[in-house]
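As a plain string of letters, each chain reads:
Number of protein chains: 2
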Amino acid sequence: MSQTLEQFQAYQTRLEQYDQAIALLYWDLQTAAPKDSIEAKLSAVGYFSTESFRLSTADEYGSLLKKLSAPEEYDQLSPAMQLTIRRNLRDFERFQRIPEAFYTEYVTEKARSEKAWEAAKEASDFSVFAPHLDKVISMTKEYVHYMEPDQDVYEFLVGLFEDGMDTETIDRIFAELKEGLLPLLAKIEAAPKPDLSALQQTFDPDAQKKVQELLLSYIGFSFDCGAVAESMHPFTTTLCPGDVRVTNHYYADNPISSMFSAIHEGGHAIFEQNVDKDFWHTAAAQINMMGLHESQSRFYENILGRNPHFWTPIYEKMSELLPEFKTIPFDTFVKAINDVHPSMIRTEADEVTYGLHIILRYEIEKAIFRDNVKTDDLPALWNQKMQELLGITPANDAEGILQDMHWSDGSFGYFPSYLLGSIYDGMYLEAIQKDLGDLDTILENGRILDITHWLKEKIHRFGSMYNSKEVIQRVCGKEISAQPLLRYFEEKYSKVYEF
Amino acid sequence: MSQTLEQFQAYQTRLEQYDQAIALLYWDLQTAAPKDSIEAKLSAVGYFSTESFRLSTADEYGSLLKKLSAPEEYDQLSPAMQLTIRRNLRDFERFQRIPEAFYTEYVTEKARSEKAWEAAKEASDFSVFAPHLDKVISMTKEYVHYMEPDQDVYEFLVGLFEDGMDTETIDRIFAELKEGLLPLLAKIEAAPKPDLSALQQTFDPDAQKKVQELLLSYIGFSFDCGAVAESMHPFTTTLCPGDVRVTNHYYADNPISSMFSAIHEGGHAIFEQNVDKDFWHTAAAQINMMGLHESQSRFYENILGRNPHFWTPIYEKMSELLPEFKTIPFDTFVKAINDVHPSMIRTEADEVTYGLHIILRYEIEKAIFRDNVKTDDLPALWNQKMQELLGITPANDAEGILQDMHWSDGSFGYFPSYLLGSIYDGMYLEAIQKDLGDLDTILENGRILDITHWLKEKIHRFGSMYNSKEVIQRVCGKEISAQPLLRYFEEKYSKVYEF
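Read top to bottom, the protein sequences are chains F and C.
Quick note on UniProt numbering: the first sequence kicks off at 1 and runs consecutively.
Quick note on UniProt numbering: the second sequence kicks off at 1 and runs consecutively.
Just so you know, these hints were derived from the structure itself, not from any lab.
Fair warning: there could be bad hints in the mix.
Copies of the same chain look alike in the list, so a pair counts if it fits in one copy or across any two.
[Claimed, not checked] The list that follows gives simulated cross-link-like pairs (lysine to aspartate or glutamate, EDC-like), each with its CA atoms no further than 20 Å apart:
hint: 1; residue 1: Lys-35; residue 2: Glu-213
hint: 2; residue 1: Lys-210; residue 2: Glu-230
hint: 3; residue 1: Lys-469; residue 2: Glu-479
hint: 4; residue 1: Lys-209; residue 2: Glu-230
hint: 5; residue 1: Lys-456; residue 2: Asp-36
hint: 6; residue 1: Lys-277; residue 2: Glu-39
Please model the entire structure based on the sequences and the hints provided.
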């Protein structure tokens, strides 16, 4: 190993220790920290974040990255280390181009804007948030201009959350999807509604926790390199090599919520857990593609978890842990987990209407960054698009444009990745059935770990070595298309709703 | 505020961030970390410990401490900041006197010795541990000689764990206690044994957790600045200002274990939680007196928790959470929590024989450091003293001299503090009854928070502003004596065992 590489790895190790401390502090803040300690913990997060930023923008670091980019060094590196050098040098150079004063002001304004969004949502009043949103939009444009002066801002933002993806592709596949989803939703809407009253019971949260454990183990989450805790909102986080955790939230009146959160976060976690150990301490293990990540969580949650056959092998075991399920007919449960209807809130939407929620946000983001629509006009645009896509109109801003936090902290370009994930899922499903046979049969036979194994071999173990487009090409041998997802929807819901 | 003080406080804040990260990593290792992450977490602990050590031994730090010790600065400081400067300068200067090579070797040898102790205990073979113990003893002597060349080694070690305490005082009060305990134990031994078979049931660990929550809240533990988790062995830790946590371990066949661990660790935690906020970020909030600390946990556990009247107001509530208790007569429960009999293992001993376990260790530590007894002769000495003090002889080294880890990592001088804690408790009890009236009545009336309030006002809020001798003098107005504890034992056990 070259001396430069050795120095670089020692430097990276220091950076990783700070990142580990920050991740653990955040985890603790979300899952355990008592209220009187929040200030001290945030102060520690601030300290370690500053140290980490200082280290990753230091001249010493840049000089190591540049030395390792020179062919005589670079060509000797493993592919994962090459990715690390490429990605980190790119980020280093981008940061070098941002004036420090601007960066500080941007970070501060985003924090202010988050607070304003909270207050606006609470008051259901967009005007409280508007001036901050306006400023975050213009500063985000400036931020991108500093980093990549020649790139279209929105194109850059989309690529930030989904490496290698572009708006031309998204335009094409979202249009395909929209064209298919609207008539499908009309058919579902016209069908008779299922009777789900058997689910109106109380379900012990402690028992729900045990069901979660059962589900996580069943789909292949490993407790040797993972753990579970409770938090306000479910999430997945990697604390350090060998430690990928999920959280959940348990509602006594809605066990389906925690069950599907368990499967969803479990999907994210299994992806991270399955990354090849050889990639630890390289950029390959830091999966920075949100669409690819979401494709794993959504595959487990929707394609597998909402398939009736997923439950056949474990429904009885689950009923032992949550005895209320003994009074819920299997068919009613299947109807409940596949209940499709237009609704206001994205995070509560079913898998079919979810896509329309995302298309709405994608179209508005393009309107913001490409058509320069005025911030004050956004609520009306939101409501108009809700009517067009879902046939409903929010009663107020809280259940309309203020529902998501993403725009308050400048995460423009993030939304499309949720739907990209589902679109990739349609394609994986085709490939899996070609390789392993009929999905229903696999699930019916309780062989779900065969699928986890397939995902591991084809996708998980590579981490972020390949971007999503490359993954799709490698795994499915074809271009990204929304048709497989639409076919899956058609086939499934024509059965569920008998049309 | 002087510029030097400002610099010092900024420096301290950095140190505190490292300490917080280390504490949180340890917490996580004990309570949640999956096995595959242990290496990465220990590596982070190592990194932050090294950084913290580097900062606290840096010339810059020493120079700030010295500047603030000069009268023109020192006289302007708050008493808590004066304590901080005194204590940290003392430690800084002690460390300055240790050759770096020796220190590294000492730390390494202690780690080796810990491993050897584990193996020896597993094999129940003292000879595996003996050479390491021998080396740790001689290196500990050397270590103390470097730091305080003029002090008696054992005197120094005792003071390290209980600031201001000395072996002359301990000799006196331990002798008093021994003189009283031996005849008391003989009387208890002669009395008929209680029938505790009603406790042979299975108790749901989840329900035990709920009982723990009840007990912690009942005695005054605050969940606003505290939290709870499960670990192999119960412990208390302060992660940062406003965050004092306790752990517990739940045995399905022994609910009394987790109940009394909850009360014991709760006592430690309440002490830390009640330290005046003005002392945060000073040495006053870092309570370095183990005897004083133990006096709080043992007061809650023994003086309060083993008093039958403690349970009267909550026995029914507890039986609702742990329904098995409905079949256990209150009187049987009281007998079970006050079951006194000689046993081999210190950590499982009752409050009466516990003292004899400590006296044994104290006498052996003096034999090691004052009489230079050969390491190879220690097991025989141990067994002989067990026979003298408790009338029983270990069947092997594992249940004899190898049972505690303290000597393996050089924590000589720690043991006496456990018993000092109980001796202080006897004195607090007298003072409380003088101030608040009869303890049984207070407990019977469910007014236990009056006692927590008294302890807070008299002891907790000062943290380590006063050493134990000063605390006893301030609170009880007299010299330390073992007589109050002996009177408490006599009075209580003559009732329990009817002699």
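May I ask which of the numbered hints given earlier this structure violates, with the numbers listed in increasing order? As far as the earlier hints go, not one is violated by this structure.
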